[in-house]
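Residue numbers (the working numbering), protein chains in the order written: chain A, 1 to 287; chain B, 1001 to 1098.
In short, the hints are calculated from the structure, not lab data. The structure presented is a predicted model; accordingly, all values stated were derived computationally and were not measured. Please note: incorrect hints may appear among the correct ones.
If you want a taste of the chain B side facing chain A, the calculated C-beta under 7 Å gives, among others [unchecked claim]:
1) L1019
2) V1029
3) A1031
4) S1040
5) A1080
6) G1096
Cβ coordinates follow ideal geometry from the N, Cα and C atoms, glycine included.
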Amino acid sequence: MAEIHFGLEAWLFAVALGTSMLGGVLGMASGIFIVPFLTMFGRIDIHTAIGASLISVIACSCGSAALFLKERLTNIRLAVLLETATTSGALCGVFLAGLIPAAVLYLIFALILLLSAQQMLARRKESIVAPGGAGRWAALRLDSTYPERAPDREVSYSVNRLPLGMALMYGAGLISALLGIGSGVLKIPAMDTALRLPIKVSSATSNFMIGVTAAASAGAYFARGEVLTAVAAPVALGSVVGAVLGARILMSVPNHRLRLMFVAILLVLAAQMLLAGFGINLIGHAA
Amino acid sequence: MSGELALPASLEQVLGRLLHYGTHVASAVIALGLLLAFGSGGAGMRIATIGIVLFILLPVARVAAMLLFFWRARDYRFAAIAALVLLIIAFSYVVGSR
């Protein structure tokens, strides 16, 4: 990869920029779009695409974490505890990624895309449980508060069903390492439904953990030579710029229409990944 | 708000700054590398690779900073949890590089 093509680099940058801008608005990691775009339209090997996507996932997580931390939405104690589960999952994912054939990866990816589409249409439910004295995990001091605006108040919440949350986080880490995505699609049910966190806390804490989870697998992909600079560098850069622009520009677009557009894109990509899994590529040539 | 539930704000500040500036530095290194690569090729790509490595190490540095913080706050249970996360990441690199 000593040869560098301006056209390819610019295309990779643009794809990352566009998906990250869109993803930022809906609080969704753009990683889920990067792998399908790179493999389907760029005819890039799926392992190389996953390696590049992981770097982009790290970049987006680190870039946006500062703001969430400043607003005191991130539950740091809970995050580090759950990270033992997500990184363990990532460790297994890294191991499995070397064994699973590319066709199967395409099929798993298609499934995750469909799940994301379904989740995007469903409304997230909030079922906060206020801290009630000494719970089972009181010694860990995970319960916390976060500031809510309009009306200005401090909301207390407790962390529930920790073992179930940990198990789901393990799965999220595994899928993240296997497919090069942030796995928000698995983390959100884990945090909203199992741990019963307020939506804002769950989004901030999930985003905070995604970077570490992706770093656990990205290092392994890098050591294996599956993070190609010519692909990963423009993708990472595009994601960072896209996230910054997305937060500024797209706030004026009606959220509902954007959501439906996202679902449509997810479905198209899922269909294509499914076909690719069976060896059919409608766009470009089979890799 | 009961003070013992929340961490001192300083950890949030420290981590926020680390991740914010870390993202800026790593992005700048990648951008510089890519620009140079269009001109000269090899050397620029190596610089961009350094930027990518910086991105991979940034969350790891974040966990290390947490370990240090919990240790100094004598919260040994959470220091151990942070150490465990670092250990799993290190193990993943060893397994992955085979």
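Going down the list of hints, with the structure as the test:
1. Interface hint status for B/L1019: upheld, as the beta-carbon distance to the closest one in chain A is roughly 5 Å, under 7 Å.
2. At about 10 Å, the closest approach between the beta carbon of B/V1029 and any beta carbon in chain A exceeds 7 Å, and the interface hint on this residue is violated.
3. The interface hint given for B/A1031 holds, since its Cβ lies 6 Å from the closest Cβ of chain A, which is under the 7 Å cut-off.
4. The closest approach between the C-beta of B/S1040 and any C-beta of chain A is roughly 10 Å, which is over the 7 Å cut-off, so the hint fails.
5. Annotation: B/A1080 was flagged as interfacial toward chain A, and the flag is violated, the nearest CB pair being 10 Å apart, outside 7 Å.
6. Interface restraint check: B/G1096 against chain A, minimum CB-CB distance 2 Å, threshold 7 Å, status holds.
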